[in-house]
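Visitor: So you can see what is in the structure, the chains are spelled out below.
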Amino acid sequence: MKTTQILIAGFGGQGILFAGKFLAYKGLLEDLQVSWLPSYGPEMRGGTANCNVILSDDPVGSPIVTNPDVLIAMNLPSLQKYVNDVVPGGQIYVDSTLIAEKVQRTDVEVYYIPATQMANDAGVPTLANMVMMGHVLQHNPELSFNGTDVTVQKLVPAKKAALVELNMKALEAGRDYEG
Amino acid sequence: MAERVLMKGNEAIAEAAIRSGCRHYFGYPITPQTEVAAYMAKRMPKIDGVFLQAESEIASINMVYGAAAAGMRVMTSSSSPGISLMGEGLSYIAGSDVPAFVVNVQRGGPGLGGIQPSQSDYFQATRGGGHGDYHMIVLAPASVQEMASLTVKGFNLADKYSMIAMILADGTIGQMMEPISFEDVEIEHYDKPWALTGTQCQRRHNIVNSLYLQPDVLEKKNFERYEKYRAVEENEALHESYMMDDAEVCVVAFGIASRVAKNAVVAARAEGIKAGLIRPITLWPFPKKALSEAADQVKSFLSVELSMGQMVEDIQLATGCRRPVSLCNRVGGMIPSPDQVLASIRKAAKGEN
Amino acid sequence: MAIVFEKPKALTDAVLHYCPGCPHGIIHRLVAEAIDELGIEGRTIGVAPVGCAVMAYDYFTCDMIEAAHGRAPATATGIKRCRPDNIVFTYQGDGDLASIGMAETVHAAARNENITIIFVNNAIYGMTGGQMAPTSLPGQVTQTSPYGRDVKLCGWPIKVCELLSTQDGPEYIARVAVNNVKNVKAAGKAIKKAFQNQIDGKGFSLVEVVSACPTNWGTTPQQALSWVESDMLPYYPLGVYKDRSAEKEGK
Chain A
120 MKTTQILIAG FGGQGILFAG KFLAYKGLLE DLQVSWLPSY GPEMRGGTAN
170 CNVILSDDPV GSPIVTNPDV LIAMNLPSLQ KYVNDVVPGG QIYVDSTLIA
220 EKVQRTDVEV YYIPATQMAN DAGVPTLANM VMMGHVLQHN PELSFNGTDV
270 TVQKLVPAKK AALVELNMKA LEAGRDYEG
Chain B
296 MAERVLMKGN EAIAEAAIRS GCRHYFGYPI TPQTEVAAYM AKRMPKIDGV
346 FLQAESEIAS INMVYGAAAA GMRVMTSSSS PGISLMGEGL SYIAGSDVPA
396 FVVNVQRGGP GLGGIQPSQS DYFQATRGGG HGDYHMIVLA PASVQEMASL
446 TVKGFNLADK YSMIAMILAD GTIGQMMEPI SFEDVEIEHY DKPWALTGTQ
496 CQRRHNIVNS LYLQPDVLEK KNFERYEKYR AVEENEALHE SYMMDDAEVC
546 VVAFGIASRV AKNAVVAARA EGIKAGLIRP ITLWPFPKKA LSEAADQVKS
596 FLSVELSMGQ MVEDIQLATG CRRPVSLCNR VGGMIPSPDQ VLASIRKAAK
646 GEN
Chain C
177 MAIVFEKPKA LTDAVLHYCP GCPHGIIHRL VAEAIDELGI EGRTIGVAPV
227 GCAVMAYDYF TCDMIEAAHG RAPATATGIK RCRPDNIVFT YQGDGDLASI
277 GMAETVHAAA RNENITIIFV NNAIYGMTGG QMAPTSLPGQ VTQTSPYGRD
327 VKLCGWPIKV CELLSTQDGP EYIARVAVNN VKNVKAAGKA IKKAFQNQID
377 GKGFSLVEVV SACPTNWGTT PQQALSWVES DMLPYYPLGV YKDRSAEKEG
427 K
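These protein sequences, in sequence, are chains A, B and C. So the first sequence is numbered by the working numbering: it starts at 120 and just counts up by one. So the second sequence is numbered by the working numbering: it starts at 296 and just counts up by one. So the third sequence is numbered by the working numbering: it starts at 177 and just counts up by one.
Chain A with its partners taken away, still in its complex shape (with noise of 0.2 Å):
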């Protein structure tokens, strides 16, 4: 029985929760049982947006993650805020354009990606996530980049078909990142 509890966390408009979703789809498509949940409020932007995934071989319990295996923080008060639950042994995702600060914790495994600037970089500036995400899946033992092509085909409507390259382009990005 192995189960990955995921938090994903930033400010609203980073694509926090979608990031989320594609990670839910990743795991529902590799035949996991798998949860999301959104943290909600009353701003639409620039709030604090996180996002608690699991992915699981057996049914989800609760879907609130109270301590990830995996955090992957987008900004400085979320990196903060949450970073010693992390369970020891756990891996922490940064985005080093944005977080300057370093982990000062020995017991997880830490990577920095300056994902922001790659995402610029790379012409696609609103998908720095999606490179987070390619990392994420690059590293973490219990996810794989196999199948990544089929999970982004899932989650982009028809109608913006175009998006699926671009996606791909930022996933591929962080997936080749060597920090």
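There are no misleading hints in this set.
Listed below are the simulated DSS-like cross-link pairs for lysine-lysine, each with C-alpha atoms no more than 30 Å apart in a straight line: (1) B:K337 / A:K140; (2) A:K200 / A:K121; (3) A:K140 / B:K341; (4) A:K278 / B:K341; (5) A:K279 / B:K341; (6) B:K341 / C:K378; (7) B:K337 / A:K273; (8) A:K200 / A:K221; (9) A:K279 / B:K337; (10) A:K121 / B:K569; (11) C:K365 / C:K378; (12) B:K337 / A:K278; (13) B:K341 / A:K273; (14) C:K185 / B:K487; (15) C:K335 / C:K361; (16) B:K337 / C:K378.
Rough simulated footprint, nothing fancy, chain B against chain A, three-plus residues with beta-carbon under 8 Å: (17) 131 to 144; (18) 149 to 156; (19) 170 to 183.
Don't read these hints as lab results, they were simulated from the structure. Because the structure is a prediction, the values reported are computed rather than measured. We treat Cβ as the ideally placed atom computed from N, Cα and C, and that holds for glycine.
Once you've looked at the hints, dock chains B and C against the given chain A.
Guide: Positioned in the frame of chain A, the structure of chains B and C alone reads:
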């Protein structure tokens, strides 16, 4: 098996309602249930259905009343403050014995409260919500799949007993996505000879009404309605038992609280504590029999809720107060952690409160 | 012997419960005559209010529903949206329509909901025993304005036709009265038109009928009708306030 898709709980309700033959939706925006309305607004025009954004929850429930009286499968959805506004209409619908389907995706209260998940409308839902002697069938889904399956069931039960069926969900179950598959929906058909269709000058006029000025007639109506309620209590109570075979501590929780409680029960078992869970799926009728039988076996009960303990007294009533009932709760939009529930289970196992 | 006068078919044989001298009987009759003349009894569904006409469901032979106080336009909307081929009307008083049900009234009008509303304005809450209504006149003595309606304290009467006719939504808004034979005849015409509009799919049609309440006004029926003429009608002028189809045709 049908394909598994990821869907929000609120969307699952809307899709299941459409598959249940509902073609009429009336509602007013409120967080955290607005996805139901948005889904209906998108779909209804494409299937010759009606989506209408009403001017208030008061208007929407009275539109539901009209549509229900016309013999249609009809629904509305709202969240706690909106359901309070509907109290009047719910009472009229109950008093007129027409079927309707109502969704409450609860948020914290009282008053404007907050927008985060809550279960603090338990009393309001299980005791009726409006004025007068009446009940609604109250269904408490704990997963996105159940948001769909209990919607199908709700429409069927509403028609079967000609009464209101309410989904009592919470912001978490409404907002979360889980895989869901839509199996073939079984629509049960019941005659509605009382429906307002126009007489076609072929029959005496139908009157849908809750006014009876003669006390003896009104009394008779109430007695008859409670005969119906007795049948519902007899036949329709639903629950899930989890690890109850040898349980000594019985956790009772519904909706999102039951998901957290399940994790805690597993953790308690790992510590050697014989914990189990009874999850009421119908809150009215409350699964009294299951609780009463559990009282023969367990040493104590623990109610896990997102309210100040509104379900505790139903557990006490169902068990005749034969065992202590303690409470583990968070309110205002907070949700207990599995650790908090586990700590309460440990205490309950030791006989502490 | 030739029959020259009979009860409309759309009325049941039930004895009306209204007070002596109350014009509700006349207005019921006008509605029933319109239903008879248009031949729509078999497909009409009526919505009764809370107020003096609360038991209107016993008086009309068509299918009927009893709505919550003020909610008749919402309930009628629910029915009409489900059964667009049926003819749906509400019959409401001033407290029901213009006080507690103002939101439902205005929004049904704004949606141009294809329903017919018969609005009986007698400037008082009749059923509850004579309290001040949203349409009670300035200075009018009622149980809850015992020194006369003081507009500084309780505001001004609401002029429903004037209010609704400023909206783009509704099709037809008219005010009529039933205080003399001539006015009764005109009222019957307006009511029939309000039903015909619905049959033609034109939309929201409201006829305000300036009525009287001798019991709660503390007058004889004769005096009440005189007071309608001398006090009510100057405040609530009769006429067609909106008729979109006629306006389009340049009439």
